[in-house]
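Engineer: Each chain, letter by letter, is given below.
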Amino acid sequence: MIRGLQYFLKEAVSSLWRGRRSSALSILTITIALFMLGVFLLLSANLERVVNEWSRSAEFSVYLRDEAAPAEREAVQKALAGDPAIGGVDVVSKDAALERFRRDFPELAPATVGAPDNPFPASFEARLTSSSVDVVALGKLAERIGAMPGVADVRYDRRWLDRLAAVSAFIRYAGLTLAGILVLAAGLTVANVVRLALYARRDEVEIMELVGAPMAFIRGPFVCEGVIQGGIGGALALAALWTVLAVAKSRLAEAAGGMVDVQALTFLPLVSIALVVGGGMLVGCLGGLVAARRLR
Amino acid sequence: MIAIDGLSKLYGRDISALDDITLRVGRGEFAFLTGASGAGKTTLLRILLRQELPTVGTVVVDGRDLSALSARDVQRYRRSVGFVFQDFKLIQRKTVFENVMFALRILGVPDVQQRRRTFQVLKWVGLQHRANAYPIELSGGEQQRVAIARALVNEPVLVIADEPTGNLDPDLSLDIMNLFREINAAGTTVLVATHDRELVRHVGRRAIMLDHGRVVESS
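Protein sequence lines, in the order shown, are assigned to chains A and B.
Residues in the first sequence are numbered from 1 upward in steps of one, following my numbering.
Residues in the second sequence are numbered from 1 upward in steps of one, following my numbering.
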């Protein structure tokens, strides 16, 4: 078994070297496809992180009626705290709300001095924790809380969250679709390059068949050739991605204008790295198999 | 060793390459398959190589009915028979040693035995000193010796050769025939296809003559 693999590897490397131009083209195609896949994985991972940060800063406020009984207030607070989308609840009393208004809008503060009653309602300000923005679930929560006794109004940044969720989903699905198409193209390129290698060695293949070589023995080196091309393509794609990220970090900090912490951008997690390299090898393997399949 | 009964081979509906051939080649026998170009020698050898199937009839080699072999059995069968071709069919990017050893490698023989046996066979065909040469660096006669070495290295019970001297001058042809005689003397059945009747006469063994796809003489 090991001797067989050694033979496949040796033959595959030798064939790759002999057809190095077409092999380089094939590796380049895989690199581009996997680089695009990597870009989308990277964007998706970082966007998800940013969306989570922004989600946490999005407000989900429950305004209470002045006449709400303590038990009603407690019930609302419990309902909020018990929801998985809510990470924490701050209680803002009527006085605290008034104080905040005076602090945030000092030029309007005098207008509140002469008022007979404090016009600001008490509220619960909830922080969102959702790892992904589930706008539908938030909408249902808002409806449920809004219907509870003692609640005057529920407000949250629905449109903002809607947009974030839509952009995040679009980038994820569009990226995966595009990357999928590119990976398919890469697989076909590998198949064609391996087919060229097969054509260049057709005499050799015929001789192997005539002396009774098992089919695995004949096909093995061609499949191995595809796997090597895919593996190299995956590694190169990761190297290119890492370089692009490093350059982006050093050059885009200003352009981001504080909206995004560019320095906090992270490289792909280990699972995605394995996916890119393993995916490359799998694509190469399939390409090699498709090409070698015509040998019977 | 070879039992052919009622063998016919048609291409299309009416192009007959072989017509109702029945013949036997015994174990340990040395026989020639002769005839002019187009007589059917190559078709018969392709059937014996299991590159083609008979249209009618049976071909049994060393107890195997060639029509009934699965793809895997065809590989096994080919590994048990040594074939020698007119155009040598050597792998150009492999050395002489590697070309011969290749036949043992596919059998899964351990490395040390592969090397020992390959060296023995190359020595036997007188090419041990060219072991590291590539086929392109060899003369036609030397290339055919390599091909014979490859056919013999896994000690087959039957060696089939298709015009093995077709690309060689008369002296080299006799050298190659002497190798086949030695192979046969060691107990291996040998079937050689050739159109060179002079060579057949010189070697003086049984000749099966084909003409228009039929056996016209078997002496």
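Hints were generated in silico from the structure; no laboratory data involved.
Among the hints, erroneous ones may be present.
What the hints assert, rightly or not - Below, a list of computed lysine to aspartate or glutamate pairs in the EDC-like style, where the Cα atoms sit at most 16 Å apart:
(1) B/Lys123 <-> B/Glu98
(2) B/Lys94 <-> A/Glu204
(3) B/Lys89 <-> A/Asp157
(4) B/Lys89 <-> A/Glu209
(5) A/Lys140 <-> A/Asp117
(6) A/Lys94 <-> A/Glu67
As the list claims (entries may be wrong) - Sample of chain A residues at the chain B side, in silico, Cβ under 8 Å:
(7) Pro70
(8) Glu74
(9) Leu196
(10) Ile207
(11) Ala213
(12) Ala216
(13) Phe217
Stated by the list, open to error - If you want a taste of the chain B side facing chain A, the calculated C-beta under 8 Å gives, among others:
(14) Arg46
(15) Gln75
(16) Arg76
(17) Phe83
(18) Lys89
(19) Ile91
(20) Val109
(21) Arg117
(22) Val203
Think of the CB as a built atom: it goes at the ideal place given N, C-alpha and C, for glycine as much as any other residue.
Engineer: With reference to the structure, classify each hint as holding or not holding.
Structural biologist: Tested hints:
no. : hint                  : verdict
1   : B/Lys123 <-> B/Glu98  : holds, 14 Å
2   : B/Lys94 <-> A/Glu204  : holds, 10 Å
3   : B/Lys89 <-> A/Asp157  : violated, 77 Å
4   : B/Lys89 <-> A/Glu209  : holds, 11 Å
5   : A/Lys140 <-> A/Asp117 : violated, 33 Å
6   : A/Lys94 <-> A/Glu67   : holds, 12 Å
7   : Pro70                 : violated, 84 Å
8   : Glu74                 : violated, 77 Å
9   : Leu196                : violated, 16 Å
10  : Ile207                : holds, 5 Å
11  : Ala213                : holds, 4 Å
12  : Ala216                : violated, 10 Å
13  : Phe217                : holds, 6 Å
14  : Arg46                 : violated, 11 Å
15  : Gln75                 : holds, 5 Å
16  : Arg76                 : holds, 7 Å
17  : Phe83                 : holds, 6 Å
18  : Lys89                 : holds, 5 Å
19  : Ile91                 : holds, 5 Å
20  : Val109                : violated, 11 Å
21  : Arg117                : violated, 15 Å
22  : Val203                : violated, 25 Å
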